[in-house]
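Fit chain B to the given chain A structure using the hints.
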Amino acid sequence: MPLPAIEAQGLTKTYKDSDPPAVAGLDFSQPAGSTWALLGGNGAGKSTTIAMLLGLLVPSAGRVMVLGHDMARDRFAALARMNFSSPYVALPHRLTVAENLHVYAHLYNVPKAKERIAELAERLQLTGFLDRPAGQLSAGQKTRVAIAKSLINRPELLLLDEPTASLDPDTGDWVRSLLEDYRAETGAAILLASHNMAEVERLAGHVLMLKGGRIVDQGSPADLIARYGRDDLEQVFLDIARGQGRAA
Amino acid sequence: MSGAARRVWGLMYRHLALYRRSWPRVLELMYWPVLQMLVWGFVTAWLAGAQNNTASVTAGVLLGGVLLWEVTLRSQMGFAISFLEEIWSRNLGHIFVAPLRPHELVAGLVAMSILRTAIGVGPAVLLAFLLYGFGIWTLGPALVLYFTALMAMGWAVALGVTALILRHGAGAEALAWGVLFGLAPFSAVFYPVSVLPGWLQPVSLAIPASHVFEGMRAALLEGRIAWDHLAYAFGLDLIWLGLAAWLFMAQFQAARVRGALLNIGE
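From first to last, the protein sequence lines stand for chains A and B.
Quick note: the first sequence uses this note's numbering, first residue 5, plus one each step.
Quick note: the second sequence uses this note's numbering, first residue 517, plus one each step.
Here chain A stands alone, though its shape is the one from the complex (with noise of 0.2 Å):
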């Protein structure tokens, strides 16, 4: 049976001791090859979870586990696999797509680095524009570059903070296709943190509700419209938001 992608066991994480966690005690474990995401609202914690799961931060409590690797202790064996893209972390916007692309794969020690940026370039449609520097791009064009950039090193682990923040519908859909088609193509696992409820209705398998840092319930995304006895995903953020229902 192989390894979870995600293995966390009691993460908390507290930024003053006066103040209350940000997260606190998430249990979880995401298979591998499956696509889950994080749900809340501002200040839940998804954030703060990425970050603990990417190593930029340190847990106050717990341990995550990414691909078999302690983070506390060898999370440099677990960046190699995985990859992250936000809206939010920025690519050096003097630099062409093309060497932006090349540094990552200098960075993630991508074999024959030159095919790879050609076979993303072809299939996150750069071609047109590898040669233009990044900060001249739309905000679609930006997004696919960054996608292309968390594609780079063929992650088993794919962790995406907004991937459709600020895309117009037909972008975001086509952004969520492609998403779909790597994970079934590679069997990599896709941890996302979104606001967009029908982008996680779709594309998720498994959601964590947080609210004031922890697991409030969850679920497929299925599983929570019925249990909440709602409509959609969005009526079931709602209740959970406000605190208006619970699942039966």
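Honestly, the hints are just simulated from the structure, not real lab data.
Cβ coordinates follow ideal geometry from the N, Cα and C atoms, glycine included.
Fair warning: there could be bad hints in the mix.
Covered stretches of chain A (in silico footprint by chain B; criterion: 3 or more residues with CB under 8 Å from a CB of chain B, positions within the stretch not fixed) [what the hints assert, rightly or not]:
#: 1; segment: 60 to 74
#: 2; segment: 100 to 109
Below, a list of computed lysine to any residue pairs in the SDA-like style, where the Cα atoms sit at most 20 Å apart [to be verified]:
#: 3; chain 1: A; residue 1: 118; chain 2: B; residue 2: 518
#: 4; chain 1: A; residue 1: 146; chain 2: A; residue 2: 126
#: 5; chain 1: A; residue 1: 20; chain 2: B; residue 2: 775
#: 6; chain 1: A; residue 1: 146; chain 2: B; residue 2: 533
#: 7; chain 1: A; residue 1: 20; chain 2: B; residue 2: 683
#: 8; chain 1: A; residue 1: 118; chain 2: B; residue 2: 522
#: 9; chain 1: A; residue 1: 215; chain 2: A; residue 2: 45
#: 10; chain 1: A; residue 1: 20; chain 2: B; residue 2: 773
Frame of chain A, contents of chain B only:
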């Protein structure tokens, strides 16, 4: 190429690509060293004219001081500003989630510092020879050691500055430009340590550059290599680098605890 070497090259490639498409950045590297050389060169020419018997010695001591101090400055700035480039482009988040180890990050910044120093100081060295007839190579083969000792001091200071940027964010950026200027009066660049008041001399002797400049004067005035000063310079460099590396790693870890790595530029 090994994985580590390739990651270091990746970081260098990112900066080289930046310079390749931005001639003003390349020009800026040369601008201050050349300007310093012009100003000090004419001052030296005037002083040498007033003291004919010691003209070449005066010129050598002053111009050698200018050039070697520029090596220290450019080395420190080359390191610290390459790190700041990652903050300015909001790219640090991607860098820190790549499998780039902290020592590889430092190695990449050191490599960029060497390149930036060579590009920055090279034209000033040429200018000193063409306009004022001073060849820094008259210091002999020990010149390589002087350069190395001064660059190592620059890296130590830059590591310390980078650690403070990790601790205090963009608010500490100004240190990247100014911190070494504060050390210049105590580094015996243009005058010997003995000129300083007695209570200040131990401070000066704890700075690696002071020993390099004492060594430079011994070479130019007495025609000998001051091995004792070189040994002190490298010994102090090791201590400075060790302390700076400890501070950098402590602040890097503290930034991971505080969650400052993603929003360090804000």
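These are the hints, each one checked on the structure:
With a threshold of 8 Å between beta carbons, the proposed coverage of the segment 60 to 74 of chain A by chain B holds, since 3 of its residues qualify and at least three are required. With 6 residues having a Cβ less than 8 Å from any Cβ of chain B, the segment 100 to 109 of chain A passes the three-residue criterion, so the hint holds. In summary, the hint linking residue 118 of chain A to residue 518 of chain B is supported, as the alpha carbons are separated by about 18 Å, within the 20 Å threshold. Between residue 146 of chain A and residue 126 of chain A the CA atoms are separated by roughly 15 Å; this keeps the pair inside 20 Å, and the hint holds.
Restraint check: the Cα-Cα separation between residue 20 of chain A and residue 775 of chain B comes to about 12 Å, which is no more than 20 Å; the hinted pair holds. Pair hint residue 146 of chain A plus residue 533 of chain B holds up; C-alpha atoms about 19 Å apart against a cutoff of 20 Å. Distance restraint check for residue 20 of chain A and residue 683 of chain B: the Cα-Cα separation of roughly 16 Å lies within the 20 Å cut-off, and the hinted pair is therefore satisfied. A distance of roughly 15 Å separates the Cα atoms of residue 118 of chain A and residue 522 of chain B; the hinted pair therefore holds under the 20 Å criterion.
In summary, the hint linking residue 215 of chain A to residue 45 of chain A is supported, as the alpha carbons are separated by about 7 Å, within the 20 Å threshold. With a C-alpha separation of about 11 Å, the suggested pairing of residue 20 of chain A with residue 773 of chain B holds against the 20 Å cut-off.
Of the numbered hints given earlier, the model fails none.
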